[in-house]
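Participant: As a plain string of letters, each chain reads:
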Amino acid sequence: MDDRFEPVLLDNDDARLRRAWHPVGRSVDIGRSPFAALLNGDELVLARDGDVVRQGHGREGEPASPVRILRGVAWGVQEIYGLVWVAQEEPIAELPHLPEWFDPGYHSAVLTRTTTAAAGVLTDNFLDVTHFSYLHKQSFGRSRAVTDDGYSIIAKGDFVQLQHDTVLQEGRRKDNGEFGQRRIATYTYWPAYTTHLQMYFPDDGDEAAATLICQPESATSTRAYVLVLVPVTDPGIDDQVAFSRHVLDEDLVLVERMTDPRLCLSVRSELHTRADRASIEMRRTLTDFLDACTLAQAVPA
Amino acid sequence: MTDTLRSTGPTASGDRATGPRGDAPRTTGTATVQPGLVTRPGWWPLASLADVSGAGRIPLSVSIDGSPWAVVLLDGEVAALRDLCPHRRVPLSAGSVADLPTGQVLECGYHGWSYDRAGHCAAIPAIGENRVPRGMGSVAALETAVADGIVWGRVAPDADAAVTSDAAADAPVPTGSAAPPSPGADALFLRPQKVSLPWVEVVTELSGLEVAARADGLLTEGSVELPVTASALSYFVRPIDAVSTSVFPVVPADAIETGLPEWLGRLAAVS
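Sequence order for the protein chains is A and B.
Under this note's numbering, the first sequence has 11 at position 11, and the numbering climbs by one with no breaks.
Quick note: to get this note's numbering, add 1000 to the position in the second sequence (first position is 1).
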């Protein structure tokens, strides 16, 4: 009957994460005009020093008008994955490498949503394959629950990776036009808030990817970006974007109802089963990252 | 307007209108206690039975002074379960009723953890069927009673003290009355109304300063019937949180035709 617990909840504007790269807007949305963004509770105003906007995959080497900070304090700005990124203080880690982005065989779209749920909660949700049968039972969730033998996981300290083999009931049709395609998915999480999903469809050999990246705007607001990456030979990018938006919205409806929608870092404050290994490793990896940020702060450069 | 007060159709939806976060205080920093887990002792009116049954398989989220409970019918009986799944901290009121071979349960909408009327965890899909370790994942449950068309709930006198209060976990829980208070056979409840004011202000408006001054003492062991100033009307209150109150209006059974419009006027003045 004891429902008391003292969770360690990660504030969405935790100052330690000023030492990480975060997106502050989509490349296509930032031009010569001042662009206002919120990051970890700070207001930033950015603008491009010209009219050339960074284009998509594999074109990072092409010229683009640089983005600079007009107002606010930042250690650095960079532009990649269709997003403009800011580190408020010297970051302790580089951004992860998302191979599909550099593959000329892919094209992409970036959808975005703003939510009251914390970035950590959204990331935990994206990495969690065990909720499909319930939260997404109206869309792609299969009828049988994902148990602890439903996926495999590796955690290497600085990232978490899990592989999940499932059958989709929506979003992607088989060659005969019906749903029910097998999907082998590999999810990789890097702190602070980047999770990359690579999908392989053995029925037809197709591949696709989607990346959730969260911008912790303030204590009470997060902007989520989903990079939808599909091969240029696949005509269904609009379908994939619509499907990703639909799935994200299903998740937001639930997590926005949390009384306190911050990520609980203390593993003992929530109940877990073996099927929650990915959630637990994600919390541990993020906690280690936060500790590393603190250590970096303590040692003057 | 009249229809909103008549205790008939299912239109109310618990206390959720307060907003997704409710108005529970949000502490900052990383070490904090989950807010809203202190439940005042004694019987509290939770909702009309019509609203609970009208909501069907979807629970109402009902807050007793900041302490949230999911209220729903399971196999025809009222269940009031802690509105917080211990797995991922989402409200159980975001879930729905599911049918298990052993009876109906409230199923969390996130991962399907399911709870019976007593709050015992009956299913955790991720560990397979019929494999919930004894005692794992249970949530607190209120003792409930239905009287005069109103669903009442209280922390059972033998419940774990932790359910009642974080601050006074060792304090004895008052035994109180075995049955919820009743306005009597010659009175009727109207549909409960949410008022966006602290309960002391509501009592001051409806019953005057003198009653309001005593009200804190009156409500230490549950809700009590309060008189409306210069009227035959009476009511019960349940503090929803620090800024809003649920009023359970009562009219004399032989004066519904005059009592109903009088209540409408009183509540309009309070709101």
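Since the hints were made in silico from the structure, they are not lab data.
Any given hint could be a false lead.
To be verified - In silico SDA-like pairs for lysine to any residue, Cα to Cα no more than 25 Å straight-line:
{"#": "1", "chain 1": "A", "residue 1": "K137", "chain 2": "B", "residue 2": "L1100"}
{"#": "2", "chain 1": "A", "residue 1": "K137", "chain 2": "B", "residue 2": "G1128"}
{"#": "3", "chain 1": "A", "residue 1": "K137", "chain 2": "B", "residue 2": "E1257"}
Participant: Which of the stated hints cannot be reconciled with the structure, identified by number in ascending sequence?
Facilitator: Going through the list in order, the structure violates hint 3 alone and respects the others.
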